[in-house]
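S.K.: Below are the chains, spelled out letter by letter.
Protein chains: 2
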Amino acid sequence: MYRTTTCGALRSNNIGSVVTLSGWVQKIRDKGFMIWIDLRDRYGITQLIFDEDRTPKEIMESAKNLGREYVIQVTGKVIERASKNPAIPTGDIEILVTELIVLNHAKTPPFTIENETDGGEDLRMKYRYLDIRRNPVKENLIFRHRVTLEVRKYLSNEGFIEVETPYLIKSTPEGARDFVVPSRMNAGQFYALPQSPQTFKQLLMVGGMDKYFQIVKCFRDEDLRADRQPEFTQIDCEMAFVEQEDVLNTFEGLTKHLLKEIKGVTVEKFPRMTYDEAMQRYGNDKPDIRFGMEFGELNDVAQHKNFNVFNSAELVVGIAVPGGNKYSRKEIDKLIDWVKRPQVGALGMVYVRCNEDGSYKSSVDKFYDQDDLTKWAEKTGANAGDLICVLSGEKDTVRAQLSALRMELAERLGLRNPNVFAPLWVVDFPLLEWDEETQRYHAMHHPFTSPKPEQIPLLKTNPGAVKANAYDLVLNGNEIGGGSIRIHNKQTQAMMFDYLGFTPEEAKEQFGFLMNAFEYGAPPHGGIAFGLDRLVAILGGQETIRDFIAFPKNNSGRDVMIDAPAKIDQEQLKELHLKIEN
Amino acid sequence: MYRTTTCGALRSNNIGSVVTLSGWVQKIRDKGFMIWIDLRDRYGITQLIFDEDRTPKEIMESAKNLGREYVIQVTGKVIERASKNPAIPTGDIEILVTELIVLNHAKTPPFTIENETDGGEDLRMKYRYLDIRRNPVKENLIFRHRVTLEVRKYLSNEGFIEVETPYLIKSTPEGARDFVVPSRMNAGQFYALPQSPQTFKQLLMVGGMDKYFQIVKCFRDEDLRADRQPEFTQIDCEMAFVEQEDVLNTFEGLTKHLLKEIKGVTVEKFPRMTYDEAMQRYGNDKPDIRFGMEFGELNDVAQHKNFNVFNSAELVVGIAVPGGNKYSRKEIDKLIDWVKRPQVGALGMVYVRCNEDGSYKSSVDKFYDQDDLTKWAEKTGANAGDLICVLSGEKDTVRAQLSALRMELAERLGLRNPNVFAPLWVVDFPLLEWDEETQRYHAMHHPFTSPKPEQIPLLKTNPGAVKANAYDLVLNGNEIGGGSIRIHNKQTQAMMFDYLGFTPEEAKEQFGFLMNAFEYGAPPHGGIAFGLDRLVAILGGQETIRDFIAFPKNNSGRDVMIDAPAKIDQEQLKELHLKIEN
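Line by line, the protein sequences are chains A and B.
Going by our numbering, the letters in the first sequence line up with residues 1 to 582, in that order.
Going by our numbering, the letters in the second sequence line up with residues 1 to 582, in that order.
Calculated from the structure, these hints are not laboratory results.
Please note: incorrect hints may appear among the correct ones.
A pair counts as met if it fits within one copy or between any two copies, since identical chains are not told apart.
As the list claims (entries may be wrong) - Heads up, simulated DSBU-like pairs for lysine-lysine below, C-alpha to C-alpha not over 30 Å straight-line:
no. : residue 1 : residue 2
1   : Lys508    : Lys452
2   : Lys153    : Lys138
3   : Lys256    : Lys153
4   : Lys490    : Lys138
5   : Lys490    : Lys567
Given only the sequences and the hints, what does the whole structure look like? Please build it.
M.R.: Given below as structure tokens:
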């Protein structure tokens, strides 16, 4: 037996007992006649003591030869510490070691195994197994486990059944790119890895499973943006005989449960906002509502005043930055530079200082008088001491730009408190979105999303205006879940495929099984999928999903630890009926 | 709202209340003036009643137009049934329908949606979403969910952390064939889908995670034998600072918990048997010990008696078939034909009838007298009324043959009772097994398995005799789990790779990250993996895993429902830098 207890367990009431511990050498303090070692395992740190008077000579010797991250097993008596350490739970005691076995040696690690490490991202990823020894990484993984366990318990209690759907499925050109898997037994044919179990969960509803969930890996072969992973995990859910209201209530329940169980935070009924309202008030379909700085639309009060930049703009819109009047001219210039960066892309920014005496000073005083600016302040909710930032241009573009500025300023002002949780349902998403590249409409959510039934006729006349029974759950400015009520009849589904540019043959080849299923008694159904990686990160008070994934891939989709992807044998290629094209 | 309650919920204490139900039309009995409909959902069946006197005319009409598997929503009053049905929980009541909405039509299903269906395997798989509506299939999936939830709860309570390991990893030629995934962003390179998370779980141990588990899909591109799936699910577990004893005790605890929670069966301490003993007593490393019929080795008492077949055999071995003396000559001849089938491959079978009067009558009376046969009966444990079946030949071959016969006879005799659970640990597996094809030794478990340390020197002189710290958990004649204590030091691992025919370069290329990890303080560790599909099937009292998988593949690895694998676009191939070779 390697241990009788762990390095996190011993307290002063254990004093006098003899214990065996195993773990890693975290730190060594060698005073010659006395050696202290911090022994670490997953559960904590326990101090070991060796001293000339009380420790056998050969053990003292072998303790002197230990190095950082050596794996050792020790036996000894629990004694009271001379100087206690209130910072750790085992700080009252130490182990007077009488036996020491070196279980494994260790080379000096390439970075320090401490909460704050000197290792850069790349090095930590290459030696991820050492990185995981660090408390923050280890705790994130344990935290993730706790979240998934609570999700499973909650949904199971609500009558949901976790069903495993297949990973080797069929490629569909709609949506993002699939990862494919060549079939050896079916020459020239490929499986695809699922981007989501969407069609399978719908078939489970047709199959009468009533309430389904699954915590499941999904795959997307995308050019990776920062903090996207080619494989990611979803909490995938579907319910039959439900309307949107039922789905929202059920998963509001789940989210409240997680906030309560995991964070000890009680949240009242989640607010709801339509997509249109979110875009108007925050320029964003996933607004962070932990703070204000809502958009004030200024067309009425800023146009037709000889300022051509505004007059020619589709939208003039501003936000009030709390306390922003204290910014120096230089700071404001920097802010203007910030919005002009290519990542944001504004052409410029108009600003108004709201002086403490109630007067205004703007960068466009030539065109606007105090009365005008008073109206701007009203529209943006600016108070004395604030700074109003105004952008203008094409509606969607300028909203995105001002939203970026709003988030950046909130970050700088410390308004994005990770310990505050502000969930929000955004509902009534558009059914379709225009794609400039292909010059046609695409499904905004996916092709199985139900349009609002009363708006179906609009599809012919004003497709962009058709709203869907689709919803997102937003938490602290991040979309953590999204779903919809699905189409459940064959005619509507066929019409949607037609609308999205599938020929009947294509629709049949790719989704024939689903269309067929709809003919055998499909119930009304709908669901939602949560991005687990992001949900866990946000609950953990962070926004980088990589920190909550045990073995993440880098931005080129590589696992730098195992060095994958890699070349495969010619023999393997031949069996798969494949040749590499250069 | 589509329903106020479900079709399994209403009892006589609900009589008088008005409810709304949704579900599928299971059965219609139309007497003209009165119609009864069985309405079905996941939770049960509720009888609806429509009658001329009490039901509005238009609802009566529309009820007459319903068909099997239509999806309907009804509102009505719960009333007492005239003739109660004690066979179903809702049998005391029925619903007098006042509102009826047809939610979806249904074509006549291709097979009956009943517990006993007229649909063949192929048809049921093609329309799996209809098959899942059948109670036995639906209940199997719900059962699987219950098992996985209990596994997660139990292991979490024991301090195990579920960590998700990556699906896009690196191909290794050792073991079965990998499924591979071409990388678009890394031309000419491939990911592989994991055959198991073996190396990752070991890295988690190096990373100090201490106790890991994961319920995870694994992939093997094998020529499919009956009841094998290219994708299958493992309960994958690993522990640090453990010896074999710790692992066995932990997972014996899990298995007992499942038997208790899921089946209500209490099992005492699991027996243990070495691999050698299992082979000797049952001819099989996964013996079904629910019944006896143990092997009796007869070399001592059957050789050197002028019967050349036995004299030239490495092993002469028999079993006593309880009550087998009652078999007719014809039945015994059929048994001999059975062992001579190519799937078994015996050349013949010697038998001894144990008469009720204590005398023996054998098929080799020419060579053996009553004294000889008395000794055979002693060795095989045969009693009066039994039949002794004896096979001979090369040891391993004849054991496999007799084991097959033993299982077949037990099946016929009804000794394999699915409600009896007889777990067994088989320990001390050989480290290596000889491969005829490549004419060298392969790792029996996998290359990371630790040999018994004291036997390492034997590797040079008698490699086949070296035993490993490897173990299987056997339940009712099926291997449900297998694991080992792993190698945790670089030198031993390098030696094993060398031994298994890896050049140092190959070992480095494929497993360099693991070898490196072993240099930075790897703890002693070991683990186990359970085959979830089989575990669930056996707990469910069945042995066909396909019945416990929502969307299984057929023996050619095809999903006949979605028709995968399939061809992909030329465009997709090009992006992946691939060409199909004919």
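S.K.: Hints first: check each against the structure and report whether it holds.
M.R.: Going down the list of hints, with the structure as the test:
{"no.": "1", "hint": "Lys508 with Lys452", "in the structure": "within (24 Å within a copy, 58 Å between copies)"}
{"no.": "2", "hint": "Lys153 with Lys138", "in the structure": "both (23 Å within a copy, 20 Å between copies)"}
{"no.": "3", "hint": "Lys256 with Lys153", "in the structure": "both (14 Å within a copy, 21 Å between copies)"}
{"no.": "4", "hint": "Lys490 with Lys138", "in the structure": "between (49 Å within a copy, 24 Å between copies)"}
{"no.": "5", "hint": "Lys490 with Lys567", "in the structure": "between (45 Å within a copy, 25 Å between copies)"}
Consistency note: the structure conflicts with none of the earlier hints.
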